[in-house]
Amino acid sequence: MGWNGVMSTDIFAKRRTDGLLFFAALAALTIGSIIITEYDVVKGFTSIFKAFAWGASNFYPDAQSLANLPDIARELWQTVLMSVAATTVAAVFAVLLALAGSRTTRVSGFFSIVARGLASIFRNVPLVAWAMILMLAFGQSLITGYLALFFGSLGFLTRAFIETMDEASLHAVEALQATGAGYAPIVLQAVLPSSLPQMISWVLFMIDTNIRDATLVGLLTGTGIGFTFDLYYKTFHFHQASLVVILIVVTIIGVEMMSNYIRRIII
Amino acid sequence: MGLPETSKTLGRATHEAFASAADLPAKPLAKEAVVIRVLFLVLTVTTIYALMTLDYESVDMGEALAGTLANLKTIFLHPGGTHLTFGKALYEVVITLGLAFLTTLLGGVMALFLGLLSAQNLAPKALTNVIKAFVAFIRAVPTILWVLIFAVAAGLGSAAAVIGMTFHTISYLTKAYAESFEELDRSVIEALRASGASWWQIVFQAVIPSSFTYLLSWTFLRFEINFANAVAMGAAAGAAGIGFDLYMASSFYFDLHGVGLITYIILAFAMSLETMATTMKGRIKDKH
Chain A
1 MGWNGVMSTD
11 IFAKRRTDGL
21 LFFAALAALT
31 IGSIIITEYD
41 VVKGFTSIFK
51 AFAWGASNFY
61 PDAQSLANLP
71 DIARELWQTV
81 LMSVAATTVA
91 AVFAVLLALA
101 GSRTTRVSGF
111 FSIVARGLAS
121 IFRNVPLVAW
131 AMILMLAFGQ
141 SLITGYLALF
151 FGSLGFLTRA
161 FIETMDEASL
171 HAVEALQATG
181 AGYAPIVLQA
191 VLPSSLPQMI
201 SWVLFMIDTN
211 IRDATLVGLL
221 TGTGIGFTFD
231 LYYKTFHFHQ
241 ASLVVILIVV
251 TIIGVEMMSN
261 YIRRIII
Chain B
1 MGLPETSKTL
11 GRATHEAFAS
21 AADLPAKPLA
31 KEAVVIRVLF
41 LVLTVTTIYA
51 LMTLDYESVD
61 MGEALAGTLA
71 NLKTIFLHPG
81 GTHLTFGKAL
91 YEVVITLGLA
101 FLTTLLGGVM
111 ALFLGLLSAQ
121 NLAPKALTNV
131 IKAFVAFIRA
141 VPTILWVLIF
151 AVAAGLGSAA
161 AVIGMTFHTI
171 SYLTKAYAES
181 FEELDRSVIE
191 ALRASGASWW
201 QIVFQAVIPS
211 SFTYLLSWTF
221 LRFEINFANA
231 VAMGAAAGAA
241 GIGFDLYMAS
251 SFYFDLHGVG
261 LITYIILAFA
271 MSLETMATTM
281 KGRIKDKH
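Those sequence lines, one after another, are chains A and B.
Numbering of the first sequence is given in the numbering used here, commencing with residue 1 and proceeding in unit increments.
Numbering of the second sequence is given in the numbering used here, commencing with residue 1 and proceeding in unit increments.
FYI, nobody ran anything at the bench for these hints, they're computed from the structure.
It cannot be assumed that every hint is accurate.
[Claimed, not checked] Taking lysine to aspartate or glutamate pairs in the EDC-like style, the calculated list, with each CA pair at most 20 Å apart, reads:
no., chain 1, residue 1, chain 2, residue 2
1, B, K132, A, E256
2, B, K281, A, E256
3, B, K281, A, E167
[Said to hold, decoys possible] Some, not all, of what chain A presents toward chain B, calculated at C-beta under 8 Å:
no., residue
4, S141
5, L170
6, L219
7, I265
[Stated by the list, open to error] Here are some, though not all, of the chain A residues that point toward chain B, as calculated from beta-carbon distances under 7 Å:
no., residue
8, A25
9, F138
10, M258
11, I262
We treat Cβ as the ideally placed atom computed from N, Cα and C, and that holds for glycine.
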């Protein structure tokens with residue numbers, strides 16, 4: 001009984017010290033972050049309530065702003081189209097890169113490293129950097145946003161597809177290899193079919209993400225729905241700006257619901 | 001990222017079930033094939049239509065492509081620039097990391113409570129539904145718009161950026177945390193309840209300790225995302241940090257060498273964060 005008691009106090013004491021160390025480290029990092037970012041804690045918290053109070057009295061669509069609905073809807077439609085196109089084209093290239101990069105399907109170790117490296121660069125150069133760099137030559141055009149989303153998606157989807165192919169298809173590939181099947185039949189009959197549902201799921205996720213990110217890219221490059229919001233926002237047309245937000249929310253929730261529906265069926 | 005991640009593990013399970021049952025009834029498979037075909041058709045048509053209707057007139061494609069290639073060459077082969085020293089740039093990245101950390105921490109704390117209240121084994125169904133709808137709404141508004149909305153009250157700067165990004169973090173982590181909590185077996189909770197433990201005791205003695213590794217991994221994954229977000233908010237919403245320098249270098253000074261330096265530094269940090277996050281993700285998968 002006594003022995004047991006000693007043991008458990010030790011465990012609890014250790015747990016307590018670990019916990020204290022964890023929270024001390026968190027506190028130190030927090031204070032450091034607050035100092036270096038000059039984040040005003042009080043202002044931050046009060047601004048939440050201020051923003052909601054302000055929103056309730058200013059940030060809602062009024063009757064007059066509804067007149068802008070067709071314009072906003074058209075911009076949003078174009079942005080959605082652009083996001084979908086960027087995703088699907090990126091997906092096609094990503095499949096090729098992933099075939100070169102995946103452990104199960106790669107032709108040579110060298111190409112695999114190249115494919116993975118390219119994907120890593122495309123994905124880790126921030127979207128804003130792509131947008132700003134492309135903006136210099138392509139200017140204020142939807143093509144700038146399209147290409148920025150394309151590069152980011154290419155990097156992300158390649159990695160996702162590589163992971164999918166690595167995981168989903170080993171058994172089937174081994175079975176086909178044992179029967180002496182060549183590269184093309186293995187890829188077409190085993191690897192792609194077995195990873196297809198998961199790949200579609202990633203593409204749907206990417207479309208969703210890209211519509212969201214298109215707003216950001218649009219703000220930076222002066223195109224699409226992001227620019228529409230920015231214009232209304234900077235000229236204090238908050239009723240119209242709120243209408244933009246509502247339409248974006250409806251679109252994204254709609255796309256998300258559709259994606260979930262498709263996922264439920266195919267996976 | 002939380003969503004496909006979970007659907008992935010689920011998907012694998014169903015996959016194996018499919019593979020083992022060779023004499024599967026034709027109906028679900030047929031529906032699956034139809035949906036995939038319709039989706040392919042819709043995506044192809046949409047993409048072709050989008051690419052055809054994109055406004056090419058304002059851009060000379062050949063010239064713009066050549067220009068971009070030349071720019072990329074300057075950026076990646078001759079990084080440097082006069083407006084930002086290497087040391088200053090590193091300091092700015094640390095600011096960005098600080099923004100990401102604050103955002104993740106604030107969001108994580110809020111999400112911990114919301115996660116507990118939206119886990120199906122811990123809270124009533126009605127409450128979990130309300131919270132899930134609430135966080136779905138938060139997620140549907142792009143981060144930049146949250147930041148700009150808060151900027152009206154707080155002014156452009158780190159306060160608005162942190163609060164705006166925190167909103168998204170809350171929504172992401174609430175979903176991830178709730179799923180982690182739901183992993184805990186119902187019988188454990190029932191046993192504790194039967195022995196007279198209160199809700200708080202169950203939460204702090206059983207639920208949180210047993211899912212702690214998950215929580216930490218998900219939080220770090222979000223930290224990685226928040227780093228990218230913090231860069232973006234620096235460029236688009238005037239928050240401090242390396243993103244703002246990136247914006248200034250490319251849009252104000254037109255200093256491609258500077259853009260190169262900044263891009264390389266962000267790339268280095270993003271890649272190391274990604275490597276760490278991948279390790280963390282491995283831990284989540286191993287536990288499944």
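Here's how the hints hold up against the structure:
no.	hint	verdict
1	K132/B x E256/A	holds, 14 Å
2	K281/B x E256/A	violated, 24 Å
3	K281/B x E167/A	holds, 15 Å
4	S141	holds, 5 Å
5	L170	violated, 12 Å
6	L219	holds, 5 Å
7	I265	holds, 5 Å
8	A25	violated, 12 Å
9	F138	holds, 5 Å
10	M258	violated, 9 Å
11	I262	holds, 6 Å
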